[in-house]
Amino acid sequence: MGKTTIPIGPYHPLQDEPEFFILTVEGEKVLDIEVRIGYNHRGIEKLSEMKTFDQSTFVIERICGICSTSHPFAYTRAVEDIIPIEVPERAKYIRTIIAEGERIHSHLLWLGLAGHFLGYNTVYMWVWKLREEILDVMEILTGNRNSYAMFKPGGIRRDIKSEDIPVVIKKMDSIVPTLEMLKKAFIDDPILHARTKGIGILSKENAINYCALGPTARASGVARDTRKDSPYGAYDKVEWDMIVTYNGDVFDKLVVRILEVFESIKIIKNCFLNLPSGEIDANIKDIPPGEGIGIIEAPRGECFHYVRSDGTNRPVRHKVRAPTFMNLPTCKATVIGEYISDATIILAAIDPCYCCTERMTVCNNIKRKKIYNGKDLIKLSREKTEILRNKMGVK
Amino acid sequence: MTREEVLCDLRKKFKDDVIEVVDKSPKRVYIEIKQESLVKVVSYIFKDLKARFNTASGVDMRNHMEILYHFLIEDINLLISLRVKLQKPKLEIDSLVPVFEGANWIEREIYEMLGVNFRGHPNLRKLLLPEEWPGGVCPLRKNYKEWDENAIRDRGV
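In order, the protein sequences belong to chains W and P.
Sequential numbering from 11 applies to the first sequence in the working numbering.
Sequential numbering from 867 applies to the second sequence in the working numbering.
If you're looking for bench data, these hints aren't it; they were derived computationally from the structure.
Glycine included, each C-beta is placed from N, C-alpha and C at the ideal position.
Treat each hint with caution, since some may be false.
Ranges between beta-carbon positions, derived for each pair [said to hold, decoys possible]:
1. W:59 / P:985: 27 to 35 Å
2. W:39 / P:916: 31 to 39 Å
3. W:380 / P:928: 44 to 52 Å
4. W:276 / P:892: 22 to 30 Å
5. W:24 / P:878: 49 to 57 Å
All chains, please: the whole structure from these sequences, using the hints.
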């Protein structure tokens, strides 16, 4: 039988991000795969060298809408590593809360997409409806659904109000029963078993060889989590468990993610209960010459930032390594030898990161054209948050 | 193995290869090594010390080029950064892909962004930049100008 080449992408209805996979198939079997990336390359590392340390935080936040906490978190830790300085306790706890909120909504996003990829759109709709509730919680805490702008070198920008906390905890509790139901729907469903079990296996040796990270590695039995191995924030002060499974197939990656959502809820609630009072900012004045490294566990795996300073107010070099950079090459080990119908879910199983999400604004009709400027948008956004706060009963 | 044992071991084993050890903090160590001994040291750190390769970052220092290879030993929470200095204009170093697959993409990125050649890399071509990007124009070098005429013309702007 002859070989056929099947291109997937760069723009494909199933993908949310431009990526180009070239599959070589013989019949139904995948013989080879080639990945081409770079369609979303925006030169942010170079851009960061032209901004001051404070401005860079905002640039870095826009690397990705879903990971809009992970990148500033790693970056601020890298800057704090140059000095070196410890951030105040309260800031550590609030950072942890925001990071875990992001993990919940990111994992839910992937679980929904996984259902979509498998043609199981009921799961997709249910999970994304639940994700909205988490985004509402994040809006109450930070004022925004994504791109929270909470981080700055030395601490955080805004404090969490004490009257918000009971409402947020109540909301968190209220989503747990739905999550339990979804967990059963994922773990016990025979259709999902048939589509995901034993498919796209990443062996432990390969996970180590490819230096895979996060849930991708943990599903292959590599018990590594930056939150446990090199604790930061409040992760060493609250109780939680690392989720590890051993088969390395798509199903195990799915199980790791859904169980991690429960752990994240546990961490957030523990953080709120033990939230210390005090300062939220260490007030950094100058950044001395030197170099620093910040590593944190993003939803998709370890996020790595390297910053070098020469004593001026701008970084000389800022290296960003997102987790998907290490996880995506593992498709060479997982896709080859599988059927082409399974290739999409295997490629999606590492949770490739979206580069950017945008919030939409209403477009006006042609006759009464109104153009929103920055101030109008901020006003609209504040009004929306105010409506939400009233709805959730926050004073 | 504790942190001190690891560092002592590295110093003893690679006496002739290590140039300088900077013990920055309990979690971070920067070790400068000779460029020809890179594969030897990395093999030991990756295979015997069971470290995980984080990434490599190339820094253009105008007179020379630095490449830092970051390894995290999770059991003792120690991040070792191996520093290699390459003198301009001969920017060449051994590839790490024969040791582990995880270095494949990052070496391709450093190759296109900073113009460093990796000896023994199985597939050294562009990763992020478009195919028609002019050869020899490296965006992360300090002498790169956004208004570089050739680059702009070839991109069709």
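| Can you list which hints this structure breaks, lowest number first? | Of the numbered hints, all hold.
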